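Chain by chain, the residues run as shown.
Protein chains: 4
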Amino acid sequence: MAIHQLKPTPEQYSYVFGGAKPLLSVKPGDIVEVSTEDCYGGRVDSPDDLPSEVVPFSELNPVSGPIEVEGAEVGDILAVHFVSIVPARPYAISSTFPHFGALTPTHETSMLANPLEERVWFYDIDLEAWTATFRARNSDYELSLPLDPMHGTVGVAPASGEVRLVVTPSTHGGNMDTPEVRAGTTLYLPVNVPGAMLSLGDGHARQGEGEVCGTGLESAMNSVIAVDVVKGGALSWPRLEDDEFIMSTGSVRPLEDAYRISQTDLIGWTSELTGLDTLDAYQLVSQLGLAPAANVCDPNYTMLAKLPKWSLKSAEAYGGVHRRLRAAAEDYSVR
Amino acid sequence: MAIHQLKPTPEQYSYVFGGAKPLLSVKPGDIVEVSTEDCYGGRVDSPDDLPSEVVPFSELNPVSGPIEVEGAEVGDILAVHFVSIVPARPYAISSTFPHFGALTPTHETSMLANPLEERVWFYDIDLEAWTATFRARNSDYELSLPLDPMHGTVGVAPASGEVRLVVTPSTHGGNMDTPEVRAGTTLYLPVNVPGAMLSLGDGHARQGEGEVCGTGLESAMNSVIAVDVVKGGALSWPRLEDDEFIMSTGSVRPLEDAYRISQTDLIGWTSELTGLDTLDAYQLVSQLGLAPAANVCDPNYTMLAKLPKWSLKSAEAYGGVHRRLRAAAEDYSVR
Amino acid sequence: MAIHQLKPTPEQYSYVFGGAKPLLSVKPGDIVEVSTEDCYGGRVDSPDDLPSEVVPFSELNPVSGPIEVEGAEVGDILAVHFVSIVPARPYAISSTFPHFGALTPTHETSMLANPLEERVWFYDIDLEAWTATFRARNSDYELSLPLDPMHGTVGVAPASGEVRLVVTPSTHGGNMDTPEVRAGTTLYLPVNVPGAMLSLGDGHARQGEGEVCGTGLESAMNSVIAVDVVKGGALSWPRLEDDEFIMSTGSVRPLEDAYRISQTDLIGWTSELTGLDTLDAYQLVSQLGLAPAANVCDPNYTMLAKLPKWSLKSAEAYGGVHRRLRAAAEDYSVR
Amino acid sequence: MAIHQLKPTPEQYSYVFGGAKPLLSVKPGDIVEVSTEDCYGGRVDSPDDLPSEVVPFSELNPVSGPIEVEGAEVGDILAVHFVSIVPARPYAISSTFPHFGALTPTHETSMLANPLEERVWFYDIDLEAWTATFRARNSDYELSLPLDPMHGTVGVAPASGEVRLVVTPSTHGGNMDTPEVRAGTTLYLPVNVPGAMLSLGDGHARQGEGEVCGTGLESAMNSVIAVDVVKGGALSWPRLEDDEFIMSTGSVRPLEDAYRISQTDLIGWTSELTGLDTLDAYQLVSQLGLAPAANVCDPNYTMLAKLPKWSLKSAEAYGGVHRRLRAAAEDYSVR
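Chains as they are written, first to last, in full-length UniProt numbering: chain A, 1 to 335; chain B, 1 to 335; chain C, 1 to 335; chain D, 1 to 335.
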C-alpha cells in the first residue's frame, strides 16, 4: 500500500469528466491524500463577492484529478473509500446563484419570472468543536451546525468517449451531491476506460438532502481516499456502501425517474446478494428501504435508495471490499 | 377530555374525503379510539387471494370517519396526535397490484408493456416481540422486521366542495403514505369545512420510504388519536411534528414538484418560527433539512421536508400544541 | 330531435363537476343552445381590472350545466358535437394571473421567486370579419388574429362519487383547454353516472397550443351542441373526432405521462378500428400521429394524440356517430 | 458558392458531437451534398434482423461530419438550410427496440416490468410516387404513406469541451428528432467552437410527432444542405425557420421543461423581432403559437414552439438569411 499526494496547482484543475490525461497514477489498494478547491474556485472571499460576478462560469466546480488506477479495465468496478474529509479553510461558503437551485427559475426549468436574489453566507469552521456557524444575513440569528464533510462531485471518465461537464451527475458519477459520500463510505463507480480516471471535488462541510438552494457549505478539503478495483461486475449506476447500508443511486430527470433507477438498481443488487427473486427483493426493499433526495438542483437530479445491511444476513457486497478498505483506512489513520 | 370509540361496521366505511356525514362528533382535546380496516377491506385471506380478483376497485382503502371536531372552522388547523397504532390481526399483507407501484406501467404512466406479476406476501405479526416476519415466496429467505406502525391515509374534507377518492393525497391530506405518521407524531391538517371531517385508515405495520411496490405491510389497526384545533393559521399543505422534527409535505406530480412544495412550505414555516427572512430560512433548510420520499406510487407523489427542532431554538409551532397533546397521550396511556 | 335552451342565471353557474342536480334534461339526438360566461365570471370589465382582485377564486371558470342526457348509463359514451361556438360580447379578454401559467412559479411548481406581473389584454371581436384584434399593452403593436372559437372546459360527473373543481382536467374531461374542441368536432366522454351530467364553459375566441400564459381569448359564448349516446364501449379518457382526425387525450402530470396516456389510448383505438395488433398499431401511430400540447398550465396538463382518418380506411368510430351528428348540425344550421 | 461532397466511408462515421477532426471544410454560403447512413448503420437487412442483435450499441445512429465552416466563431450562429433530403435506398426500416421508446420501460424510466417485444417493419420507398408502404407484421393491413423526409440528428460541437453521444439532443442540437428538419427549413445552431463542426444523420423518410415507438422510417439519405454564418447573436437553444414559421426548441426532461424552454425562447425571439415587451410577446405567443412534440423517447425530450411569421409583420430573423438560403437552394436545384 503506497500513499500518494495530489495537490493540484490552479491550472491543473479540471472541469470535465473524460478525455483528460491523469495527474497521478496509483495501484489498487493505494491511498491518496488529495486536496480539493471549493466550487467557487476559491474566488469568493467575502459575503460581498457575488459568485456570478467573481467566478467565470467555465471555472465553477473544479475537480482534482484524474487519478489513473492501474489495472482497472472496462467493465470493472472502481471502489473509492473515503478515509477522511477535512475542511481546509477556517470558513465555508454557501450562496444562492441566479438560475440555480430548486426554488427559482433555471436554465432547465425556464420561466419568464425573475430569478431569486443572489446572496452569500460565510460560515466559521471550528475543526476542534467540529462545527460550522450559520449567521443570518438579514437578522442576528446564529446557529452552530455539526460538521458532516462530504464530496459533492466524484466520478470517472464516462463511457463511449463522452466528456461531461463536472456539474452533471450521471452513470459515471459526477456531481451527485449526496451527503452519503462522507468519511467511512465506499463509493463504487463503473470503469469505462482503462485506468478509470477518477476525479473529485466540491467538498461540503455539510449539506441538507436535496441541496435545495443549490449549494452546501462549500469548502476546500484535505481528503484521504483508498482505492481498489473489483474485477468484473459492470455497474449501471454508482453505488455506495457504509457500515450500515448498501445504497444505489439514480441521476436523471424527472425526480421520479431518478427514484425509479435507484430503486431498480437496489432491488437487483439485493436479489444478487440474497438469492431472492426479483419480486421478493422488490418486496423487501419496499418495506425496509430508505429513499432520500441527494440533489434536486443539478442538471440531473439524484435520488438514493438505501437498504440496511442486516437484512442481507451474511452476504457481503463485492467480496467484502468495503470491510477491507475500512480496515486499511484505520491502519492509515493510526500510523 | 372525553374518550370516544369509533369502530365502523363494514357498511360504514368511507372511500372518499368530503361530502359525507360524520360518524362521530368530538371536542378539541378529546381522544378517539378508532379501529381501521386494511387497504384490501379485509378481503385478502391468504397469499393465494389476488387483490385484483377479490377486492372490488371501489372498496379499496376504506377509511374510518368522518369525525367531526366541534368548533373547527374554515381557516383553522386540525391537530391530530397519534397516541398509539397497534396491528389488530396476527398478520399483515403486502402485494404488488397490476398497474400500481413505481416500477411497473400504471394508469398514469401508461405503457404498452405488460404490468408486473401480482404477488401477495403474508407477514406474521408478533406484538410481543414487536416484529413482522417476511417470508420470500420464491425461496426460503425469512427475515424478522421491526414493527413501525403508521397510517397511510389521514385527511379531512377538501376545500371548495371537492370530493376526492381516498387513494389521492393532496392539500387535504389523504393517502400521503409517509412512515412519519406514527405514534408520537402530530399531523396538522387544514380545516376546509366546519368540523374538519377527519377520516383515517390504511394502516401499515411498517413501510419503506416511497412505498415502491405500492403497498406497505397492510394491516387493520387499533389506534388512538388525540385531536385539537389551532385557531387561524390556515395551512396550504399538511404538516407534521414529532419530538425531533417539524415536517412539511407536498403531494403532486412530478416528484420534483412535490419536493418543491414541501421545501417551500418548510422554509416559510421556518421563517415564521425563527424570524429569519425567506432567503436566510432557505439557507438554513438547505443545510440542515432532510428530504425523504413518502410515496412514489399514488395518484399524487408525496415528499417530506424535515428540519430538526433544535435549530429553531426556543420557538414552538402553534403554541406548543404538539407538546400538550404528547402529554395528554401519556396521561391517557397511564390511565 | 328537440332543440333546448340553457341560459343559466348568475346563481345557476357551477364550479365543480359532479354532485349537482341537472339544470336541463335532454334526449340523445337533441340539440342544446347554451350560453356560457367567460372564465372571469364576466367581472373583468377593462384592462385595469386585475382578475386576482375582482374575481373571487371560488368564482373562476363558471360552467353551464349539468345537462342530463336521458338513457345515458354508466359505461356508455356521451358524444357531444359542437355545432357552433360564437363569441357573445364584442371583446375577449386575456391575462396573466399570479401563480398561474407555464412560465411562472405556481402552486404546483412552487418556488421562492416572485411570480410574473399580472396584466390584462382586451381584444376587439369582429364577428363579421371573424377576427380578434391584439393590442400590445406596452407598445403600439396591433395585430388582427383569426377567430377559432372553442370551449376550454367540457366534462361530465366523475366516477366513484368524486366531485372535482372545474379547473382540473382528468378522465371526466373538464378543463382540457384544447383548441380542438371547436365547431365541427365531436367530443366523446365516459358516462360515469346515470344521465352523464354534462357541463361546459370557458370559451376562448382562440388559443395557442399549451395555453402557455394560462388563458386564451376568454369570451362568453353562444354555443350550440348536439348530444348523443353510444351504448357501451366504456372510455378510459376523453376522445375527439372531426372530419379529418381521431384524437385521444391524456390529462395528468408530468407532461410526458399525459403524452403516454394519449398515445396509448390512440394506439388502442386504432387497433380496434383497423384490426391491427397492438404493436402494428403502435407502429402506424408512430409514423402518422400528431402530438400537440393542449394545456401546460392547469392542475393536470393535457396532451393530444391525433391520427388522420384516411389511415383507418373504411373504419368508422362508434358506428359513424360523428358523421350523423355532423349531418344533424347541418340540418339545424339551415333551418 | 462552392458545392462540396461528403460521402463518408464506414470507418469515417462519427458517434459523438464534439472532439473530432473535420472531414470537410467549407465556407459560409457553400453547398454540401452529403450522404448519411440509417440509424442502424445499415446493418438491418430484413424484418428478421433484430436491431439489438445485429447492431452494436456503440454503432447506433452514425452521423456524417464534422463539417468545419470557416469563419464561424464562438458566439456566432450557424444556419443550415436543407435543400433536399432524398431516401437513398428502396426501403426504410422502423422497429421497436428493447428499453427504448415512450411506452416501454427504458434505461431512464427504469422498471421491473418486461420491455415490449422487439419488432421490425420494412417500408417500400417509391420516390416516383413519393410514398412509403406500411405493411403490418401481424395482419394484411397495408397503407401507403406520403414521404416527408427529415434528419433526426443535426448538431454541432457542444460548448465547454463536452463530447456528447449522438443520441442525446441538447443545446448543441443533436438527436432532436423533429419532423420540421425537412427540405425548405433552415436550422440555426449555436457556434461553440471555431468552425462550428456540423454533423448530421438519422434520416427518416417520415416520422410522427413524438417518435413514440422510438424510431421513424429510418433511411439512408442523399441530402443537400446550404450553410451560412450569422455573426454574433449567440443562441441558447437551436431554432428553426421555414417559409411559414419561426420555431424554437427545448430538449430536456421532464417534457414540461422542454416545453418551457421552447416557449421562453420563442417569446424572447418574438420580442426581439417585434419590439414587444416580454409580457406582450408572451401574450401573442400564447394565442398564436403551436406546440408539437418532437421526440418523447430520447435521453432528452424535445418540444417545439412555433409562431406564424405573418404575426411578425415585416420583421425578418437574422437579416433574412433563411430567404437568401432558400433562393440559393433554388439556384442549386435548377442548375
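Treat the hints as calculated values from the structure; they're not laboratory data. Since we're looking at a predicted model, the values are computed, not measured. Where is the CB? At the ideal position from N, CA and C, for every residue including glycine. Check each hint, because a few of them may be wrong.
[Claimed, not checked] Straight-line C-alpha distance at most 25 angstroms; calculated BS3-like pairs for lysine-lysine:
(1) B/Lys27 / B/Lys231
(2) D/Lys231 / D/Lys27
(3) A/Lys21 / D/Lys21
(4) A/Lys7 / A/Lys21
(5) C/Lys7 / B/Lys21
(6) A/Lys309 / A/Lys231
[What the hints assert, rightly or not] To be clear about the criterion: a stretch of chain B counts as covered by chain C if any three or more of its residues have a C-beta under 8 angstroms from a C-beta of chain C, and this derived list gives those stretches:
(7) 13 to 19
(8) 36 to 44
(9) 158 to 164
(10) 215 to 221
[Stated by the list, open to error] Pulled a few chain A residues facing chain C out of the computed Cβ check, cut under 7 angstroms:
(11) Pro56
(12) Leu103
(13) Thr104
(14) Pro105
(15) Met111
(16) Ala113
(17) Pro115
(18) Leu116
(19) Val120
Each hint tested on the structure:
no.	hint	in the structure
1	B/Lys27 / B/Lys231	holds (14 angstroms)
2	D/Lys231 / D/Lys27	holds (14 angstroms)
3	A/Lys21 / D/Lys21	holds (19 angstroms)
4	A/Lys7 / A/Lys21	holds (16 angstroms)
5	C/Lys7 / B/Lys21	violated (33 angstroms)
6	A/Lys309 / A/Lys231	holds (22 angstroms)
7	13 to 19	holds (count 4)
8	36 to 44	violated (count 0)
9	158 to 164	holds (count 5)
10	215 to 221	violated (count 0)
11	Pro56	violated (25 angstroms)
12	Leu103	holds (4 angstroms)
13	Thr104	holds (5 angstroms)
14	Pro105	holds (6 angstroms)
15	Met111	holds (5 angstroms)
16	Ala113	holds (5 angstroms)
17	Pro115	holds (6 angstroms)
18	Leu116	holds (5 angstroms)
19	Val120	violated (17 angstroms)
Hint compliance for this structure: hints 5, 8, 10, 11 and 19 are not met, and every other hint is.
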